[in-house]
Structures are given as C-alpha cells and as structure tokens.
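Enquirer: With chain X's structure known, arrange chains L, A, W, H and G on it following the hints.
Residue numbers (my numbering), protein chains in the order written: chain X, 1 to 144; chain L, 1001 to 1144; chain A, 2001 to 2144; chain W, 3001 to 3144; chain H, 4001 to 4144; chain G, 5001 to 5144.
These are computed hints drawn from the structure, not numbers from a lab. Wrong hints could be hidden among the right ones.
[What the hints assert, rightly or not] A few chain A residues that face chain L, going by a derived Cβ cut-off under 8 Å, partial list only:
#1 S2043
#2 A2044
#3 F2047
#4 A2048
#5 Y2064
#6 E2067
#7 Y2071
#8 L2075
#9 S2086
Yeah, the Cβ is synthetic: ideal placement off N, Cα and C, and Gly gets one too.
Number of protein chains: 6
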Amino acid sequence: MISLGKLAILLVLQDETEEALLRQRSNVLGYRIYKGKVGSMDSAKIFAAVETAAKREGFISSNYREEHALYHSILEAYQGICRGHSGLGNVMRSAGLLFCIARGPRTPGNQDDGDWIAVTMYGYMGAPMKGFEHEVLGLGMNPI
Amino acid sequence: MISLGKLAILLVLQDETEEALLRQRSNVLGYRIYKGKVGSMDSAKIFAAVETAAKREGFISSNYREEHALYHSILEAYQGICRGHSGLGNVMRSAGLLFCIARGPRTPGNQDDGDWIAVTMYGYMGAPMKGFEHEVLGLGMNPI
Amino acid sequence: MISLGKLAILLVLQDETEEALLRQRSNVLGYRIYKGKVGSMDSAKIFAAVETAAKREGFISSNYREEHALYHSILEAYQGICRGHSGLGNVMRSAGLLFCIARGPRTPGNQDDGDWIAVTMYGYMGAPMKGFEHEVLGLGMNPI
Amino acid sequence: MISLGKLAILLVLQDETEEALLRQRSNVLGYRIYKGKVGSMDSAKIFAAVETAAKREGFISSNYREEHALYHSILEAYQGICRGHSGLGNVMRSAGLLFCIARGPRTPGNQDDGDWIAVTMYGYMGAPMKGFEHEVLGLGMNPI
Amino acid sequence: MISLGKLAILLVLQDETEEALLRQRSNVLGYRIYKGKVGSMDSAKIFAAVETAAKREGFISSNYREEHALYHSILEAYQGICRGHSGLGNVMRSAGLLFCIARGPRTPGNQDDGDWIAVTMYGYMGAPMKGFEHEVLGLGMNPI
Amino acid sequence: MISLGKLAILLVLQDETEEALLRQRSNVLGYRIYKGKVGSMDSAKIFAAVETAAKREGFISSNYREEHALYHSILEAYQGICRGHSGLGNVMRSAGLLFCIARGPRTPGNQDDGDWIAVTMYGYMGAPMKGFEHEVLGLGMNPI
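Just chain X, with the same shape it has in the complex (with noise of 0.2 Å):
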C-alpha cells in the first residue's frame, strides 16, 4: 500500500521509467501528482515555483483555505530541506531542486479523513560551486 507521503518521496526520486508506473498506480488510488524542477540561491524562488505549479495544474481552488495548507506543506519542505538553518542566499548557499506535489488522502480509499495534499523537495545544496554539493530531502503535508 502506498501512502501519500510516500508517493511523493517517492516521485521525487524516482527516474522516468519508474515515474511512468507510479503515475499509473496513483490515477489508479485517485491521487494526483505533479513534478517540476527550480534552482536558486534565492529561497523565494523555490516557494514561487511550487505555488505557481500547484495553481496553474489546478491542485488547489482558488480560496485562501487551500492556498494556506500548500503554503505551510511547502514551508515544511524547505525547513526539511534546510535541517535547522533556514536560508540559502543569505548563508552562502544554493539549492538546485525537482519537487513534487501529490494530492489525495492520507492513505487510499480514506474517506474519513478528506484531502491532503503533500509536498516533496529533493536535490543537491551546497556551494555555488559544481560538485560542492550533497544531496537534500524534505517533506511537509497538512489536511486541504
């Protein structure tokens, strides 16, 4: 059984080829996903590439309730992605992303517990240097 959360992790990891095959196993448990990619020193950015992927692919209505639980799920994805040390730019970092958003329930075929919708970050953070850089992870969902 796949979560939602872990859909998302693992959608964000994942190559083309398994891609294809969770897209068709999360039509199929009635989730919806989408991945997208951003790089920046400048953590605005990242927050502005999530938000506008995440209206423009209609994951969210266009009311301040659903905008407020994308915001903090995106919100706790950067902290995660930062471990401790909020900031990139302003602490001499970068961070070159995919992310995804992944909307449904906690769990499939949970009816009870409504919509949540999921966001995961993961790629390199380090100097703004090639290869000075390791790997980075977070994940943050809340109720919609």
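Expert: Then chains L, A, W, H and G, alone, in the frame of chain X:
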C-alpha cells in the same frame, strides 16, 4: 545510478521485497546499509537508537571524528522530521520511525571524495493517539 | 466589525464584565469561544490544557484533520509567547497563562472560507519567582 | 487595572473611538503611547518603521541602552508575528501591520521597577494576494 | 584597552596565573568579575548555576530589571554554545563548562552608558563519553 | 596547553603584540592560523570573506569534504554571533568583525584525531549607527 542519499531514502521507504534488491545493489556498489526502528515522545531515545545501531553494526570506528559525523547526520535528519519546530514530548507529539544508516562514497565509484554517512528517518508524527499522525521524513549526511 | 483573531485576543485580555459582553457579541456573530487557565514550567502541560479543553467543549470533531488544525494553532501561539527561543523549564522559565479558543469564520458572515480555529495565550513568563516576570502573548490560527 | 503590555495590545487592536478612551486612561496612569502603520515583504522596513517612530516621538533618549531595549522589543514582537519561522519575503509572504509603542511602569504606579518599553504588532500576514492572509500578533517588552 | 565582553571572554579562557592578572586589571578599571564551573546534560542546571552565582556574589540587585538582564545574557551565551540547535540532553549531548560573569561599563570609564552585564561560557560539548567532545563558546551581554 | 579552539579565540581577541607571540606558539605546535576582517549588514559577505581567505591561504584542499567542514564551521560561528535570531540586515542590524581560521589537531600532538578546522568571529553587532552596538563572539569547529 544510485547515490548515497537516495539509497538511504529508498531503503527507509521500501517493504521487504524491494529492500532485498536494494541490499544486493548496495553490496555491489560498495555501500553499507542498516535499517532499524524506533518510536518515542523522547527525542533522546531516537538519537540513542541510531547511535547504538551504528556502533554495534560497525558503521563508525571508535574515534570522535566519525562519531561527530554520525551525530550531525542524526541531528540533521531529526531537524527534517521536525520541520522547523524542534521537539517531541515537550510540544506534545510523538514519533514512530524507521531509520536507515548508509555509508560509502557520495556517488558510486567516486574515489576522490572518501566516505560519507547518511541517516534517514521516515514514519509518523502526531498526537499520542492512534491514527492522529502523518508522515514525516528527514535526511542528514556528512563526510566521515 | 470583529474578526476571529481579534475576538480571541480581546477575550483572553478582558476581565469578567467585558467578557460577558464579548460572549453575547460572539453568539450573535456565530463564533464559539472558550477561556481557560494554565500555568507550568512544563510546556507539554500547556499544550495538554488547551487540547483537553478544546475536545471537552466540542470545539473539534474527533478526526485528525481538526485535531491537526488545533495542534498547529496551539504550537503557533506557543511560539508567540516564546518569542524565538522555544522552551520553558529547559531554559529556567515558567509561564502563567490565560488561553482562549475561538472557532468560526475568519470574519463574521464570511461564508466562502469555512471555519477557522484561533488559539490565544496571554499571561506572564519569567523566573520561577513571584513578580519576576513580564507579559507575553501569542496567537495562532488555522483553517479547520 | 491596565498593565503596560495589555495597554499596548488593546491600543493596537482598537478602533478610533476606543483608542481615544485608551489614550486618556494612559495619560492619567503615566504611560506614553504611539500607534503607527507599516506593510511590507521586507522585514527590515518593519524594524525601521518602529525605530523611526520611537525616535521621532521621543520614546527613547539618544543612547544605546534605550535603543537596545527598543530593538529587542521590536525583535520579540516580530518573532511573535512570525510564529517560529522568521522571515517574510524570503519565504514568500507579506505583512500589513499596525504597531504600537508604549512606555511606562510594568503596572501603574509601580515605582520600584522603572520604565519598560513594549512593542505590539497586529495585522495580516499571508500570500502577496488580497484576502489570502490571516491575523497575526506579537508582543515584546524590555526594561529601558 | 579591555572592554567588558573581551574581559569576560579572556577570564573564562585563562588559567590561574593569567586570571590573577586579569582580576587586578579588572579592579583598577571598575569591573566586577566571577568565574565558576558547571557540567550537565540538563540545560536548566546551566542556567541555575549562573543565576545562583550572580545572586550570591551580589552581581545583581534583587529586582526584576536586573534579573531580566542577567537572564537574557545567560540565554544568549547558551545560544552561542548551542550554535543554532538549542538543547542538550534532548539531543543526546552534554556540556562541561566554565562560565564567567562580568559587570561594569561597556568600555572602561564610559560613564554615559551605565553598567552592562556579560556572561561567557567556554568548555566542551559532545557525546556523553570521555574525549568525544569539542570546544564551544558563548557570549551574551545586556544593559543592566 | 593551548587547544585549537582556544587558540582561535585568543587570536581573534588579541592585539598585534600578543598576536605575534601566539603565531610563534602556533607554529611550534603545528597549527596554521589566519586573521582577517569583515563588516557588513549582508550575512553572505561574512561567509564569503572567510571562505575566500581560507581558500587563498590554502587552509583547505580543493575538495568538497574540506569545503563542507569549513562551511559548517563558519555557519556555527555565525550562529554564535547571532545568538538565536539568525540574520543581519533583514532584522536591521550590522556586524563589524574580526575573524580567525585555525587548522590542526584538536589538542597539540593529538595524532589519533586528525586535523580539525576552527572559525572564530569577534566584534560588534548593533544598529547601523556608530557606538550603538555591543560585542559578539562565535566559535565553530569541525573535523576536516
């Protein structure tokens, strides 16, 4: 190609069948991996569980340099699952976690960069009440 | 016009006469409110006091979505009284607090946005010694 | 009885009629108060608005002791509105705030304890989009 | 010229011979200094040790203004030794510290600025295992 | 006996005469040391100044392991001068700093533990106004 961090994340997420495949692949690529389990409202118990496993399984030599690298990887993974508000019992929440320790080059065959150690934590955090919890995830890694 | 957050702040600050007027006004506007009291050096006791009151008084249904919204509102109010350095007894300080829980639309009659839950805390924080303390205040709110 | 912090909170919340009454009461009790307004995605502008008002209105003498007390009160109020995740534009959110500065004894007539300075901030924080925001509140106070 | 903070740092670092010279110099310049020792996994014990010494040695008058300045200086020094991740036993680490309290003008003979209080902590933090620890240092200071 | 951290702290504090003596002592004990200067409201400039000096002076080899150890030492020293509230210009404050980089064994002649790198920062932080500032200090160190 599977990097050290990705390996540690996949291992912590997968069920037993996929885990066996990952273990084979790890051996071939020169990675050592371990998977364990811990649940508590007391954050020190989570640190202790990972440290004890790493020592017992011989992931670190008994010197402070390696212990220091392990400790900081645990701390960073812990920050990931906490998402900006460190603490468990003191803020009335509990964590039930699987964790993974992986040691080896950052990318397979990367000989110039020595060994790194990665710690991942995946599981559920929430109110100390069954089902009132959601998925959390953390990854920390350091040169060792 | 009185919004949900403002209502929760005024309620936690006011004495009994003004409180009665606020309660009348809340009823008319469709807000539910509760005011309680808790003091401790143990932050978990503050979380428990608000959670227990919210459940006992029926502010949240017994599902995780609502519990999650309540929990994050408590956590945010707690961050407000801590002002950047989370912790009470571990940094040798104590808090004596009144707290308020309010539930309803963000602004009276706002039908599009559903219910939100607000938690306020007001009181004194300081050395565990009479009079060696000053006022603190926190507000957290989330869609529920 | 109205204490310094409570006065600063009520002042920042109230509309003009109630504000006039609070001002009279403050004068009688020996408190100085000021109410201003600032909105920005740039947190430095919020600090600057409060500092400038405090100096222009003569709330602090031109020495570092008093400036230090004011600064830390602003910083604490700012932490209150941020609720654990410091930052505005860098995490893609904006704040529209009223702020209040109050100076006087911690409680009316308390002669032993000298003057304290309190800073409150109240308003809305959220996405840089009209209506996509909720109430926030912060209080900081220090001896001056 | 030796300023208040520098004095408190040098004092916490030096051995007994150099300490005696610093003490003489301090007396001449109108500074009061104290040096003590504390070790624990329980952060509250560190706060208590410094507070108790400051009171017993008469560094602060028994009023809240001075206690507040002392407390915040301890908190800031503690943040310095923790370097971004507050906590000791809860994150499985221990501290063995020398601490120093110094009171006087920010710079010798500076009459306009009144007294300040500085707290320094210097020692070792690490795993609760002999030798598995490294040096840490913190300085906090506030007007008193 | 002078350990690596203590050496880096004394070096950053001392004036030129004492510095010359420390340099001689360092050479004998097998330590490499560097002292530089940086002032800014932009925290990234502080990171850049220390990184650039460390590279130019050959404190680190051009590989990511060593760069990572240096970066985390800078980050920890920076957290020390910030004392719990990371940020400079964004919270309207400025820092004028001396910094020191030291590399060698944790204690002189300690052959089992390899090299460590220590970064210290000492100077003044405060309002961007002459004299409205006080002393700050930070130390970070990691195995390299």
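Enquirer: Indicate, hint by hint, whether the structure satisfies it.
Expert: Structure-based check of each hint:
With a cut of 8 Å, the hint placing S2043(A) at the interface with chain L holds, because the nearest CB-to-CB distance is about 5 Å. With a least beta-carbon distance of about 5 Å to chain L, the hint placing A2044(A) at the interface is held under the 8 Å criterion. For F2047(A), the interface hint holds, since its Cβ comes within 8 Å of a Cβ in chain L; the closest pair sits about 4 Å apart. The interface hint given for A2048(A) is met, as the beta carbon of that residue sits about 6 Å from the closest beta carbon of chain L, less than 8 Å.
Taken as an interface hint, Y2064(A) checks out: its beta carbon lies about 5 Å from the nearest beta carbon of chain L, inside 8 Å. Checking E2067(A) against chain L: minimum C-beta separation of about 5 Å stays under 8 Å; hint holds. A distance limit of 8 Å between C-beta atoms decides the matter here; for Y2071(A) the minimum to chain L is near 7 Å, and the interface restraint holds. Below 8 Å, beta-carbon pairs count as interface contacts, and L2075(A) has one with chain L at about 6 Å; its hint therefore holds.
With a cut of 8 Å, the hint placing S2086(A) at the interface with chain L holds, because the nearest CB-to-CB distance is about 7 Å.
When the structure is compared with the earlier hints, no violation turns up for any of them.
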